[in-house]
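These protein sequence lines map, in sequence, to chains A and B. Taking the working numbering, I'd label the letters of the first sequence as residues 119 to 464. Taking the working numbering, I'd label the letters of the second sequence as residues 119 to 464.
No lab work stands behind these hints, which were simulated from the structure alone. Because the structure is a prediction, the values reported are computed rather than measured. Possibly wrong hints are sitting among the right ones.
Given that identical chains are not distinguished, each listed pair holds provided it fits within a single copy or across any two copies.
Pairs of lysine-lysine residues, derived as DSS-like cross-links and limited to a Cα-Cα distance of at most 30 Å, are as follows [what the hints assert, rightly or not]: (1) Lys181 - Lys196; (2) Lys145 - Lys120; (3) Lys232 - Lys446; (4) Lys446 - Lys177; (5) Lys260 - Lys389.
Protein chains: 2
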Amino acid sequence: MKLTILFGGASFEHEISIVSAITLKEKLSTFTLEFIFCDTNHQFYLIDTTQMKASTFSKGEYKKMPQLQLTHGGFFQKTMFSKTEYKNTVLNLVHGGDGEDGTIAALLDFYSIKYIGPRVEASVFSFDKRYTKYYAEAIGVKTVPYEMLFKNEHANIQTPYPIIIKPASLGSSIGVSIVKDESELDYALDVAFEFDDVVVVEPFLEGVKEYNLAGYKNREGKICFSIVEEPHKEEFLDFEKKYMDFSRSEQVLKADIEDALEKRLQSSFTKVYNNMFEGALIRCDFFVHRDEVLLNEINPIPGSMANYLFEDFAAAIEELSLALPHKKRITTNYEYIHSISSAKGK
Amino acid sequence: MKLTILFGGASFEHEISIVSAITLKEKLSTFTLEFIFCDTNHQFYLIDTTQMKASTFSKGEYKKMPQLQLTHGGFFQKTMFSKTEYKNTVLNLVHGGDGEDGTIAALLDFYSIKYIGPRVEASVFSFDKRYTKYYAEAIGVKTVPYEMLFKNEHANIQTPYPIIIKPASLGSSIGVSIVKDESELDYALDVAFEFDDVVVVEPFLEGVKEYNLAGYKNREGKICFSIVEEPHKEEFLDFEKKYMDFSRSEQVLKADIEDALEKRLQSSFTKVYNNMFEGALIRCDFFVHRDEVLLNEINPIPGSMANYLFEDFAAAIEELSLALPHKKRITTNYEYIHSISSAKGK
């Protein structure tokens, strides 16, 4: 099948997206792939597939490749004498800002481009950790209790130490700190507020187990689950380790958990997915604490699409590409303007 | 001041947006205005200001006017020999889909165009009545109790009659019905599900008072309120009456309410506005029922910008245009790719 991987973006996770795209080139080698790069200036480039390597971007070599523009149904390249169009289904692989905050989704929707990835609403509810909490609360999925802090406001934290400090709207552990006592607080807040004006504070739960589960909905309306992984982490992944994590391509081992727990994780996943995340392959990161399943995070565009959690990742992407929602086209017949104009006699 | 009014859109409120734009042409006659029309095919046209009348659109005459493309910082018109740019601040006046669902906001953000209007997140939380409930709940603002129905699911409504049936994601009373008893239910649901796959059901509250309040935040961080209006309505406005409502340009009378109630409405408004709606002039429609203030609806792009609620509407728009948020530009130095490449020795 044909697929266009859209990656890059003006985001703190720009480089991670490049690593993800390079990883997918290998994992989807049976596909006919095109790669479209969005640089931090929001210019699109068609990347020669043989040049899909880190130095193409870090050395700025991509700038010599063809620049693309958006058009209805896809992208196009205009030269003096011709116009070449690129109209395959797009896989939105822009992590973080642009890709996961709804911007790219809106762009693709506006230009009627078919894409794998979260729609605008799904992006808003997963990108900002506060809104994930609102959403989880509304659909009856438990999360870790939290409080919010705003930049330039005096910090008056109620949660007992140790706590976790997170910028509200970033993934990949960027700006996240575990704070053991008050002496470490100011520094951790300075770091987090570098990245966002809103910070989420959560208790650091001792003895918590972490499980990751990915999935998507197929054409028949069935949720297709990945295996459950218990990520082997140090206290938590720093950015550089997480970065390496985004280039994972080996299938992982299934977590050694009872069927009943797997079912509970799947049931929480289904509540989260339906119907908000249609069109996307998402990964939910859960905590299990005192026998309660808690939603920690929704990754609507997981690193390298969580390929390592699927037995047949290429088949999963192909199946998902047949189940993409499309917006109803709304037209108008100017009925009201006609009736009002005639009522006014003009 | 210079301002570009962006209107139209592929939405059930397309015609309403045209009426709003024509109204603003009069209300902002001291401004240097440009009008950019987005048709239902998502093509942009520069409308000759002297042709800002209903027939230009209903008769398709706009198609003879210059077509525009998006570019960084604004719109441009390309002819054989020249490229004319239009880079004023934009007032997003696209009501309903596209304009209020975050699509246009994302487009303007992506192309770094300054605009008056809700950002993507604010759009998502106000466009869909469910998400407005989630948001209000989270910020501690009361709303009317509700339940949701999904298309193709058996309706099992718990709310006692009479009830109101509303498509989740439409404004302007489109598809809304008051249902007095079960005999009227099926028809009302059919109508509502024409417009959306999700329907919100609320009790029809007897003896409720309705109050509208608009406002925006200025450069000093102060919320500037309009007068409070008590809209004189029939049972509720049907689409055609509401449509006429969007062309209102006469300033209305202040509602005859006590200062204490006005303060309570302003206090609820402030909770809703901060900081979600920065950059927008919004109108909140409140109910007062049994002495409780309930948020009914947030209009992040109210009809004709609720000009009739402001003593000096032009001054309000000018003040707001000086208080527009802009996204921090994120760049990258490819630090991680460099460090990983050197660790790998390539």
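Quick rundown of the hints versus the structure:
{"no.": "1", "hint": "Lys181 - Lys196", "in the structure": "both (16 Å within a copy, 24 Å between copies)"}
{"no.": "2", "hint": "Lys145 - Lys120", "in the structure": "within (14 Å within a copy, 52 Å between copies)"}
{"no.": "3", "hint": "Lys232 - Lys446", "in the structure": "both (13 Å within a copy, 29 Å between copies)"}
{"no.": "4", "hint": "Lys446 - Lys177", "in the structure": "between (43 Å within a copy, 24 Å between copies)"}
{"no.": "5", "hint": "Lys260 - Lys389", "in the structure": "both (11 Å within a copy, 25 Å between copies)"}
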